[in-house]
Each structure stands twice: as structure tokens, then as C-alpha cells.
Amino acid sequence: DTGVSQDPRHKITKRGQNVTFRCDPISEHNRLYWYRQTLGQGPEFLTYFQNEAQLEKSRLLSDRFSAERPKGSFSTLEIQRTEQGDSAMYLCASSTQGRSYTFGSGTRLTVV
Amino acid sequence: QKEVEQDPGPLSVPEGAIVSLNCTYSNSAFQYFMWYRQYSRKGPELLMYTYSSGNKEDGRFTAQVDKSSKYISLFIRDSQPSDSATYLCAMSATGGGNKLTFGTGTQLKVEL
Chain U
127 DTGVSQDPRH KITKRGQNVT FRCDPISEHN RLYWYRQTLG QGPEFLTYFQ
177 NEAQLEKSRL LSDRFSAERP KGSFSTLEIQ RTEQGDSAMY LCASSTQGRS
227 YTFGSGTRLT VV
Chain H
149 QKEVEQDPGP LSVPEGAIVS LNCTYSNSAF QYFMWYRQYS RKGPELLMYT
199 YSSGNKEDGR FTAQVDKSSK YISLFIRDSQ PSDSATYLCA MSATGGGNKL
249 TFGTGTQLKV EL
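Read top to bottom, the protein sequences are chains U and H. If you count by our numbering, then the first sequence holds residues 127 to 238, one letter each, in order. If you count by our numbering, then the second sequence holds residues 149 to 260, one letter each, in order.
If we strip away everything but chain H, and leave its shape as in the complex, we get (with noise of 0.2 angstroms):
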């Protein structure tokens, strides 16, 4: 079993539509919890970057920690075509030089 399962979509959605990204993990330790997103042939691009469990808004953007379920959420408000881009999950534990875990990926294609 992987450490930080990711549903891998494909996920389609009509331009507006609120989207909600999940990852479950495994391993007690992460305390760090970010969103990375990824265009086709491009390194990853962090989104957003919380700790520990709670709510984080940044702008069109919400995420969500819940320690106790080992679940994280991204959602993407009025999602745009612009935000069609594979979404993956990563955390990291306390010391371990911010080594990071990934999720697989979710790809989320938002249509006109």
C-alpha cells in the first residue's frame, strides 16, 4: 500500500463548477500538507502549503487538513479552463530535509 493514495481521474468539469481534489495518507508523521499543480511537460507549481490540520483560502482555492481521518482536500472555486492540469498532493514529515511524499495525481480537465 502506498503511502498517499490519489484518485487518478480523469475528473471532468464545466467551467464554473466547484472541484474537490482528496488524497488519504498512511503515515502518521506528515505534518506538512501542500497542492502542487501540474501542466502537461512542466515541473510541478506549489499551490498551496499548509500545516497540520485546518482550513487555508487562497482565493479561488481551499485546503483542507484533517489529521485525525488522514484526509486532505484542494477545491477549486468557479474553476476555470485554465486550471485543467493534473493536481497532485505531497507532504512531509517533521526533519527528513523536507523530503517529500506525492500522491499519484488527479487530471482534471475544466470544459467550456
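Chain U with its partners taken away, still in its complex shape (with noise of 0.2 angstroms):
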């Protein structure tokens, strides 16, 4: 196994696009966190999924981000209309029920 895999590493968009990102986290961690990281900061939980049920979502998750992770599997963060605060590296991680998280390398997200 090669670790959590995410894609693409980086998005360039225009504002008022969609995107998606997609994460394939370790194949036998049941757990997957959506996290976000901007510039000098640490990152902050947007979301995660127990095997295929999404069970907590932050308030930074605004109604323009959905994920899902069907099956599963992997899982996919989209955002519609992209606004230039938007612009952030997106890290997935994966876990067991334990407490020891492995992160991806991310998806650098530039809106302009």
C-alpha cells in the first residue's frame, strides 16, 4: 500500500467554477478526514466518514462543499462556485478506529 493518495496536487480555477477533488485513503482504514490548510496555518476538520457514513461536518463546511465517500472507499470533496477564499491546500487523511492519522500530500487549490 502507498499511503493515502489524493488528486489532482494542484487545481487551478476561475472563480464561479466547480471542482472535485478525489482521496484513496488506505485500504483497510475505515475512517477518512477532509481537512483544510491555508498559508502559515495549521489545518482545520471539515469532515469525516466512518466507512460510508459521513458522521460530522464543521461549520466551515459551507453549502457550497459536499463529500462523499461511496462505499467506502474513496471519497471526493467537491465545491461549487469557487470563491477566491477558497484558495487553500485540501488534505485527506485516513485512520483505523485507533488515533493515529496518515495525510495525504493534498490538493493545492488556486482560485483566480
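Worth double-checking, as some hints may not be accurate.
Sample of chain U residues lacking proximity to chain H, with all beta carbon distances greater than 10 angstroms (derived) [said to hold, decoys possible]:
| # | residue |
| --- | --- |
| 1 | G166 |
| 2 | E178 |
| 3 | S188 |
| 4 | R207 |
Coverage of chain H stretches by chain U, computed from C-beta distances (three or more under 8 angstroms per stretch; other residues unrestricted) [what the hints assert, rightly or not]:
| # | region |
| --- | --- |
| 5 | 185–194 |
| 6 | 249–258 |
The set of hints was computed from the structure by calculation and includes no laboratory data. Cβ atoms here follow ideal geometry from the backbone N, Cα and C, with glycine treated the same way.
Two chains, each in its own frame: build the complex with the hints.
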């Protein structure tokens, strides 16, 4: 297993466009998390899944954001009608029921 | 006020120095404490994981937790240029799906 994989690594989009990111977790991990990190800040929690169920969403996750994890495997994070304030690194992580996360390398979103 | 406070640095030390990195927190529910290392344009990588108060050592790294003072530390002995990175503290409470709350990160540079 090669760890948590995120695609694409970098996305540049025009304001108002929709974007979708993909995360492939470590195969035996049942929990999957999305975080957002802006320059000079630590990652901030967005949402997490246990298997296919989305169990918690942060207030940071506005109505323009939606995440799915069909069949409890890979996950997608979609941002509709992107705004310049959405520019950030979007990090995916996975874990088992324990406490140790493995993060992916992230998708860097630039909204112009 | 943020739940987790961390001095952003930057911190510059000579090779071989002992480095001390610290975080304070305000949420008494935090029970699990972690230190992550993040290289530029990469995802965070777990360095140390501790539960409740006490010390934990792993090679050149020592993590300390003082729950009475709501203060955690990471010490790096015999620092190397390859230790140059951003160090993030993170914490979670029992329950809550292992959601992590991060500090802002301290940027460390170890110079030859």
C-alpha cells in the first residue's frame, strides 16, 4: 500500500467554477477525514466519514461544499461556485478506529 | 482566542542544537496529543503521539505533556538540517471521531 493518495496535486480554477478532488485512503482504514490548510495556519477539520457514513461536518463546510464516500472506499470533495477565499491546501487523511492518522500530500487549490 | 496556541516562529538554530517547541491549549477535554512534521508542499507526517500527561521518547525526539498547565512540548536533540520543516502540534478529545485541533505550526530551520 502506498499510503493516502490525493488527486490532483494542484488545481487552478476561475472564480465561480466547480471543482472536485479525490482521495484514496489506505485500504484497511475505515475512517477518512478532510482538512483545509491556509498559508501559515494549521489544518482545520472539515468533515469525516466512518466507512460510507458522513458522521460530522464543520461549520467551515458551507453549502457550497459537499463530500461523499461511496462504498466506504475513496472520497470526493466538491466545491461549487468557487470563491477566492477557497484557495487553500485540501488535505485528506485516513485512520482505523485508533488515533494515528496518515495524511496525503494534499490538493492545492488556487482560485483566480 | 484559539483552542491551541503555538508560536509560529521562524526558529533558526545551528546544527547539533537542542530544539524546544511548545503549545498551550484551553480545552480541558483534550486527552490525546500529537506532533506532526510538515515539509513544504507536503502533508503532515506523524512524529509523536502521547496520551494524557507524561513523557515519551523516540530516538532524538521527546514529547512532554503537562495537563495541569495545559502545555505540551517537543524536544529535538542533535538537530540536523533535515529537521528543517514546520512542526504542528495537534490534539483530540475522547470521542468526537478523532477530530484533530491543530496549532498554527512552528517553522524550524537548522543551519549548518
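### Query
Of the hints stated earlier, which fail here?
Hint 1 contradicted; others consistent.
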